[in-house]
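Enquirer: Chains as they are written, first to last, in our numbering: chain A, 714 to 1126; chain B, 328 to 649; chain C, 30 to 200.
Derived by calculation from the structure, the hints in this document are not laboratory data. Honestly, I wouldn't trust all of these hints.
Computed footprint of chain A on chain B, listed as stretches where at least three residues anywhere in the stretch have a Cβ under 8 Å from a Cβ of chain A [claimed, not checked]: (1) 352 to 360; (2) 377 to 391; (3) 561 to 570; (4) 597 to 611; (5) 626 to 638.
Cβ coordinates follow ideal geometry from the N, Cα and C atoms, glycine included.
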Amino acid sequence: MAIKYLKADALPALLEALAKNARVVAPFKRDGVVQFEPWQSGKDVELDVLLAKQSPKEWVFPQCETYLKFGYRMEEPAQGATAGTATGAEGEAIGGEGAAAVAAGAEPAIPHETVEVEALNEAPAQVIFGLRPCDARGFVQMDQVFGGYGGFYFDPLYNSRRAVTTLLAVTCRDPRSTCFCTALGGCPAGQEGVDALFTQVEGGFVVEPLTEKGEAVVGTAGGDLGDATEAQAAEANAVKAEATGKVDVPFALEGIRDHLHDNIDDPGWHDLCMRCISCGTCTYVCPNCYCFSINDELVESEGERYRVWDNCFNPLYTEETSGHNPRAQKSNRFRNRFSHKFWYYPDKYDSLLCTGCGRCIMHCPTRIDIREVLRIMGAAPGAAAERAATTAVTPAATGAPTGAPAPTDGKEA
Amino acid sequence: MSRQDHIREFAAKALTEGRVDYFIGWKQGHNASEVVPAFVKEAAAVDQLVWNELCHHNLVTFLKRNMPDPAGAKIGVCVKGCDSRTLVALLQEELIDRDRLYVVGVPCDGIIDRRRLEKEFADEIVAVSCSDGRVSVATRKGNEKEFAKEEVLLDACTRCRYPNAVYADDVAGPPVPEPDRDGAKPDWSDVAGYESLSDDEKQATLEKVYSACVRCFACIHVCPVCVCWDKCVNRSRQPELVEQKVGTKQKLLFQMIHMFHVAGRCPSCGACDRACPVEIPLYLLHRKMNKEIYDMFGFEPGTKLDEKPVFQLFDVNDRFGD
Amino acid sequence: MADTTTTEAGGAAFEAAPGGNAAAGANVAAATGDSGDRPVKIIGIVCNWCSYAGADTAGVGRFRQPANVRLVRVPCTGRIDPLFALKAFEKGADGVLISGCHPGDCHYSEGNYYARRKFELLERLIHHLGIPKERFKWTWVSASEGQRWQKVVTDFVAGVEKLGPREGRAL
């Protein structure tokens, strides 16, 4: 597919054109906080800040979505009619067991309760612009969970929205010290899950359509999107290579699953989780933490059922009806997040559940570092003394950027 | 001897003597612009402890219910003035056992608001240092900038009335000068801007500010005086008093409940504000609540060990209502 | 999704947001204009021993009073969590009225002494939330004060009706 070039000042026009047929979502700064929000004419997309506070996952997997509305009705059978026909008149109405029995049997019709159920699934076409390759890769990993991979559950809500979502990722130019995508097989210009990749070069973007959806975007842009010159394409490649060089490779992944398995009862988990406050920030900013809970809300006879993000740090997450909680301790819940991403999930879906975006490190109130956790708990058991030594001193990752120019005096942002 | 050296010395002594099982202080985070809570178990490891203008974490959080690991551990902890007030609030209600504690008070000259610094740069801050009232900041791309310390202090610090710990077993170095608390009433001018809004503007503002909430509950988990933990009314589904839905209604209700439940115990240390991943200015609401409580009772939460929080007491001579 | 400029200090975020009508009383006009035809709904939270009985006394005495108040009976005003009032507003109540035994008369000796401290703070913070003060009231009505109950309810409902139903508010 041909590589294109888009001038920077033509970006609003492109988004405007896309917004005619779809909801366009992009990172915007509001009160100093960058978040993915629906694009509106006149708003400037924020691409200087590397990562929005939250990943764009909520636009495909909303934090809270009502997917069922229901209401209880008292059916008064018409004179001489059977209960069965009364229920049938309501169309979608589902009679209780009693109603079915009455309909089947010869007993006289009596007033009975029925439940009307209405399924909801809102899936407008949408384009997410300005997400990073790690965010896009997060969707690929979630696709396995919700998409029926390996014969597991196929989620109609997620998939209907995913199917109409186009991901226009922007190459990271300046990875942060918290980024570690390359350690997990990703890259600042990664293409996994990306429909078209935009790379910022002098004066604009080099655009690489990677899928049919990406090609469609190019089609929408029309004349604004010319072919990239060889020099521009080369510049884009240089940007990508430089960015890749800036990402730390903080730990090796070999045997991490087995090591986590072997270290399950390691006291190191207690030491590492000491500063965890058991909130859910890391999971809510994560591009692929996908746990949710389902609740019913009933007011008188009308109710709705919704699913809402939940997280494994919530003490109620595993609490059973009996009151027993298999993960009663903070350290149990702490261990679960990392074990899930690097052990249980890989066992089930053959890939890791982490893209290395580093949001959990940035936004953790006590800055718990997933890299540090994996370095210590993902190492072979028996290295206990070594682990203890690593815990005692400041984590190995320093602020010194690898491959970035040394700080110079007198330069302002 | 610097305050940091004092802290290390106290920690080493307490650990060596077996007075504590572990000691909670601050250490450098993943780079020189961050400080994180440190849990030291051996005297040999006390050199990781630091004290500087980035030590914003209120470590009393790690003393509250379900936090000590193992349960019942003897704990040493560093507290700043504001932190000590939350500790006193917990002690007033007998929510923690004083005999299990060893408290090191750290006189505090004010803590830097790192979020305010972040707003000044597009790229990542990797180093922050402070000397002689100047704060130097360096970013990953090599930008550097200097600020006057007063300009980048936390809001909680600019109006601080208790810079020294109100309760401590040992104090790290000489106390800093105390403001004249008897002569001057607290300065509530920070909430005046909001108070001057009309009802309609207040509602629109609150709805806008709180719609950003993601209900991660970092604010309540980090709050040292918010102690219900797994029994929190905001999360309970049996009974389900607060819907688990994520609408502005539920977010606002949840925040108001938090505010009420810590009324009379919250000294507005600002820990919730700093923990919020989406930067909701929670601090100001807590300030407003404290202002009203001061107005009603002349009470400042967590300042005297022999007091009880005002909402656990009554006075037949209270003059409220008609 | 309102657009505002970046704020410098944390506090600035709490200054006037767009969407709030600067004109005083604009919300009143808007609310009454929107749905002025619906009768106002008021949640009354009353203690079992005094105010609930006082309401009963008013009923038995056939004192005419507005029918907009739905009563929730609790054992004692000391049982009333501020959450109750906030929850009522969240669920769309137009006003909340709390009433119990006069101080000194509490069936449990001291429940209302504790309660009045909470109610005072609650009242101040409800105003802080931008809910007009006419929409929230707490008072004392004893079992024998049927006439006082009538007056309290009549005055309170009149105050709320003047503002009209509340619509489209988060809390």
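Enquirer: Looking back at the numbered hints, which does the structure fail to meet, lowest number first?
Expert: 5
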